[in-house]
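Asks: Chains as they are written, first to last, in this note's numbering: chain V, 389 to 1004; chain R, 141 to 613.
Honestly, the hints are just simulated from the structure, not real lab data.
In this text, all values refer to a predicted model and were calculated from it rather than measured experimentally.
No residue lacks a Cβ here, since even glycine has one placed at the ideal position from N, Cα and C.
Some hints here could point you the wrong way.
Cross-link-like lysine-lysine pairs, in silico, BS3-like; alpha carbons within 27 Å at most [said to hold, decoys possible]:
1) R:LYS489 - V:LYS606
2) V:LYS507 - V:LYS398
3) V:LYS613 - R:LYS489
If you want the ones that stay clear, here's a sample from chain R, every Cβ over 12 Å from chain V, calculated [what the hints assert, rightly or not]:
4) ASP152
5) LEU161
6) ARG237
7) GLU389
8) ILE399
9) ILE407
10) LYS422
11) VAL444
12) SER528
13) ILE572
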Amino acid sequence: MVLRAESNRKVVVSVIIILVFAVIISKLFYIQVVNSSYKFSAANNVLRYVTQYPARGLILDRHGTPVVTNKPVFDILMVKNQVKPFDTVEFATMLGLTVEQVSDAFVQASKQKGYSPRKAVVLLNQISAENFSRFQEVMYKYSGFEVQPRTVRSYNRPIAAHLLGYIGEVDERDIKNAPYYQQGDYIGISGIERSYEHVLRGKKGVKIFMVDVYNRIKGLYEKGKFDTIATPGKNITSTIDIKLQEYGERLMQNKIGSIVAIEPQTGEVLAMISSPTYDPSLLVGRQRAVNFKALQQDSLKPIFNRSIMALYPPGSTFKVVNALIGLQEGVVTPETRYSCDGGYHIGRGVACHSHPSPTNLIQSIQVSCNTYYCHVFRNIIDKREFGSVEKGFTVWKKHVESFGFGSKLGIDLPHELKGIVPSVSFYDKYFRKGGWNSLTIISLAIGQGELAVTPLQMANLAAIIANKGYYLTPHVVKAIEGESITPDYHQKHFTSIDSVYFRYIIEGMDLAVNGVPGSGSTARIAALPDIRICGKTGTAQNPHGKDHSVFFAFAPKDDPKIAIAVYVENAGFGATWAAPTASLMIEKYLKDSISRPDLERYILDANLLDRHAKAK
Amino acid sequence: MQRQNSILRNLDWVATILYILLVIMGWFNIYAAVYSDDHRNILDFSQRYGKQLVWIFFAFIMAFIILNTNDRIYPAFAYIFYGVVLLSLISTLLFGRVVNASKSWIPIGSFGIQPAEFAKITTSLALAKLMSSYGFKLSGFWSYVKVAIIVGLPVGIILLQNDMGSALVFGALVLVLYREGLPGWILAYMFFLVLVFILTLMYSTSVLIAFIFAVAIMLLVIYTRHYRDAFRVTLGTLGIGLLLFVASELFHLKLSVEIIFLIPVIIAVFIGFAYAYRKRLKQVYAISFFLIATLGFSMSADYVFERVLDVHHQKRINNLLGIEDDPLGWGYNVNQSKIAIGSGGFWGKGYLSGTQTKYNFVPEQSTDFIFCTVGEEWGFVGSAVVVSLIAIFLLRLLKIAERQTEHFARIYGYSVVSILFFHAAVNIGMTIGLVPVIGIPLPFFSYGGSSLWAFTILVFILLRFDASRYGSY
Chain V
389 MVLRAESNRK
399 VVVSVIIILV
409 FAVIISKLFY
419 IQVVNSSYKF
429 SAANNVLRYV
439 TQYPARGLIL
449 DRHGTPVVTN
459 KPVFDILMVK
469 NQVKPFDTVE
479 FATMLGLTVE
489 QVSDAFVQAS
499 KQKGYSPRKA
509 VVLLNQISAE
519 NFSRFQEVMY
529 KYSGFEVQPR
539 TVRSYNRPIA
549 AHLLGYIGEV
559 DERDIKNAPY
569 YQQGDYIGIS
579 GIERSYEHVL
589 RGKKGVKIFM
599 VDVYNRIKGL
609 YEKGKFDTIA
619 TPGKNITSTI
629 DIKLQEYGER
639 LMQNKIGSIV
649 AIEPQTGEVL
659 AMISSPTYDP
669 SLLVGRQRAV
679 NFKALQQDSL
689 KPIFNRSIMA
699 LYPPGSTFKV
709 VNALIGLQEG
719 VVTPETRYSC
729 DGGYHIGRGV
739 ACHSHPSPTN
749 LIQSIQVSCN
759 TYYCHVFRNI
769 IDKREFGSVE
779 KGFTVWKKHV
789 ESFGFGSKLG
799 IDLPHELKGI
809 VPSVSFYDKY
819 FRKGGWNSLT
829 IISLAIGQGE
839 LAVTPLQMAN
849 LAAIIANKGY
859 YLTPHVVKAI
869 EGESITPDYH
879 QKHFTSIDSV
889 YFRYIIEGMD
899 LAVNGVPGSG
909 STARIAALPD
919 IRICGKTGTA
929 QNPHGKDHSV
939 FFAFAPKDDP
949 KIAIAVYVEN
959 AGFGATWAAP
969 TASLMIEKYL
979 KDSISRPDLE
989 RYILDANLLD
999 RHAKAK
Chain R
141 MQRQNSILRN
151 LDWVATILYI
161 LLVIMGWFNI
171 YAAVYSDDHR
181 NILDFSQRYG
191 KQLVWIFFAF
201 IMAFIILNTN
211 DRIYPAFAYI
221 FYGVVLLSLI
231 STLLFGRVVN
241 ASKSWIPIGS
251 FGIQPAEFAK
261 ITTSLALAKL
271 MSSYGFKLSG
281 FWSYVKVAII
291 VGLPVGIILL
301 QNDMGSALVF
311 GALVLVLYRE
321 GLPGWILAYM
331 FFLVLVFILT
341 LMYSTSVLIA
351 FIFAVAIMLL
361 VIYTRHYRDA
371 FRVTLGTLGI
381 GLLLFVASEL
391 FHLKLSVEII
401 FLIPVIIAVF
411 IGFAYAYRKR
421 LKQVYAISFF
431 LIATLGFSMS
441 ADYVFERVLD
451 VHHQKRINNL
461 LGIEDDPLGW
471 GYNVNQSKIA
481 IGSGGFWGKG
491 YLSGTQTKYN
501 FVPEQSTDFI
511 FCTVGEEWGF
521 VGSAVVVSLI
531 AIFLLRLLKI
541 AERQTEHFAR
551 IYGYSVVSIL
561 FFHAAVNIGM
571 TIGLVPVIGI
581 PLPFFSYGGS
591 SLWAFTILVF
601 ILLRFDASRY
611 GSY
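Please work from the sequences and hints to get the whole structure.
Replies: Following this line, the structure appears as structure tokens:
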């Protein structure tokens, strides 16, 4: 009995031992074999992914001259836990910063998302190469800091800011939209940088390191088997002629407005100037935020790309469109004459300036007769076959829209605006249904009223006329690393006007520039002895003060190489400022020299900003 | 020569080989835990694996000396050894060095010795001496008092050294008492109290009251088989509880839930006592007593937890039970330890290829958390082998203890098994999150001279007894 009890107890103790070890083995089985979460945690512990940033693609002009290149900068990273007390004054001075900036950076760094005192986080970004090389010599003194080389944009000349655009760090929305991006990455925010972001950015690589508990690098994971190398971004050849662009910006200095020049046969944008502009290198480097704010607060809106975002009335330049529609609809012929006694006196009436009268169609363009176009416009809208004003207006609107007005042309730049071409329902609402007729909207005859176009659309109109009836979607990029761009840009878009009618318009525009003295030509100032320029002035009335000076043209007449539109805000007559500017641009592009230094000086020296100030 | 031969002939070679195997495996894992490309020379004595090699060498010499020493000295000098170590424990308390918040080291030159490690040996010897003394029987109040004094003195001093882990080890000696006649229900009740303690921390008081009451009713049914009475008591208690609840709601007495649970159970206890008295039913007495004692324990468990235990003990327990989740704070060790072991997978990452242990994600990885290296580099297969080897070693020692003809040797043998068992189970258990973190070494694996020597001496005294069990030499 006693013996049995004893042997029982021996068994109980053995069983307890065996049971406990069985539980231990089961738990080991669970965490080592069944549950895989520990393996992920282990990888998180020990692997550190270091992004390898590729160099962004360069941007060249149409002749291969580099416009945007890269320069190295250095981000200073810190691992908070490893930072030992240090001489902040020396630290800041070496980096070319103030002590306040450094201490502020420490505060900011600890606030960023995903901050951990054991991980390397960016403390200071975009330290210039000069400052960094100085710091590098003393860097050994500061523990807990690391360096991450990056590249930022570098500009050879302070031009084409709007066209090129700028880059900046991605925000949370970018990361959400495209998982490719991680915090700290750069992305194109405007201009070509934005629209060709996916080409320019290249592909990031990653190096996987093994780190110990103090986040010290212990070597490459699996000898770099899973590392990927960064693929540099592709270089982009722009359609821009950098000399023409630079010249245009000089001509537009101290003026507000825009110049757009297009090669008619291809739709390639040769120059795109929006004035005032800014030095694109202002938006690079550590001062970017400060500079950006200053630019943003500037009352002249230098960041605003007027070439594709400003909406102006077309003014008299629009008469050529009405002339073409009239010809197409058969309500006017080249021989149709109307006399002008200083205005059109029916309804609200439209005034005109003094010029030889009567005029035929070609002469009407040459002298820019308002009265003539009131007749033409009413002939279109009130054409008997249409039966109603609404129908007539709709036909007119369709023709207008076939020129690319009222919709985005589809240029490869972000933020392009559509412009405005009013609709029947607009007038129905504005007046009332049946409460309007061709007289009510007579301003449209001379490109005023409810019309709004961008300078790009205006330049495109010049290209359409130069091409006698079609255009190619204007674009700013010619080729990507040798490969030509999307075929969409090689597609001809025909207007609803037969090609045959264009020659009368071209004749009129030729005479407007090259007519004999006293014949009433409006743009004789633009004439060149050896290049036949066809152009048309405009003086766009607008609610913001003095009229805008408008001119659009193409040249040479027989083999057009350049189509151009110039808008100078609040500058007065088209012939005074816009026409000579366009003429100089054409000469510069076609001859690469200026034969009229006086005219050039006259434009360069003009400061029209005070007129704008008054207009405000 | 004759004596030498018979000792070696009678030595239990299974246990000895297992011992050597475990020590060698331990050393390889310490090497792996400390290993880095900077230092790989195994004889580099500035590194822990180099030092451990020295400790192992001395451990083997000690084992050899013990095997060649007359085993009669242990019963003869048990109390003297006990007294000497007690004195050194006290002097540690007065002059010792503080390591990891515990004042448990006596510095000797550049090294240190932990007397608490050796107190395990001398306490085992003294306990064996007491319990094997003529006429001693583990029954009656005074026999337990004597046992309590023998074990309590070193435990008290070690607690004063702030070394909770080492003190807890002595709790394992309850297995010895069990073997020598401690009633089985006491062992069972102790396990039950541990369960109640854990449940108290995890659940509300009312749940605990309901749970303890349910266990009491179950015991009532099992031991008395008075199904109807058990049913009546249950129903009656529930009825009183319901009445209290309704009354509280109707008259807005605002009685707390605990009170509504507690009062009916107390009433049931009183009825139980009265019933037992009238019917002279011993079991009902016992069960009523069980009910009231367990309730009392449960009620005070919270208090003990909050007031008696240190913050870090509380945190470790809470972390284990999942009451608090703090993987970067109190739970960091265990979390990293589980990650290291878990990442080993089935086959492990291979010797010297562990990343978590190599790059120091696991703290104390060559001492208390040495098992992480095993788990990460050798995987489930290696871990299971190590755990099984330790289990087999313990069962072998148990068998050896059981075959001793002398009471002294058997009781001592059980002490050895209990102490090693507690160390191994608790140490491995804490690295995989089965028990709260208690800083005690894994026998034969953890880095450290004192513990290796203490375990070696502990084991080889038993093996020496075993070798001469057929007669004294």
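Asks: If a hint holds in the structure, say so; if it does not, say that too.
Replies: Against the structure, the hints:
1. R:LYS489 - V:LYS606: 17 Å, holds
2. V:LYS507 - V:LYS398: 55 Å, violated
3. V:LYS613 - R:LYS489: 17 Å, holds
4. ASP152: 17 Å, holds
5. LEU161: 17 Å, holds
6. ARG237: 26 Å, holds
7. GLU389: 45 Å, holds
8. ILE399: 38 Å, holds
9. ILE407: 37 Å, holds
10. LYS422: 21 Å, holds
11. VAL444: 25 Å, holds
12. SER528: 7 Å, violated
13. ILE572: 5 Å, violated
Consistency note: the structure conflicts with the earlier hints numbered 2, 12 and 13.
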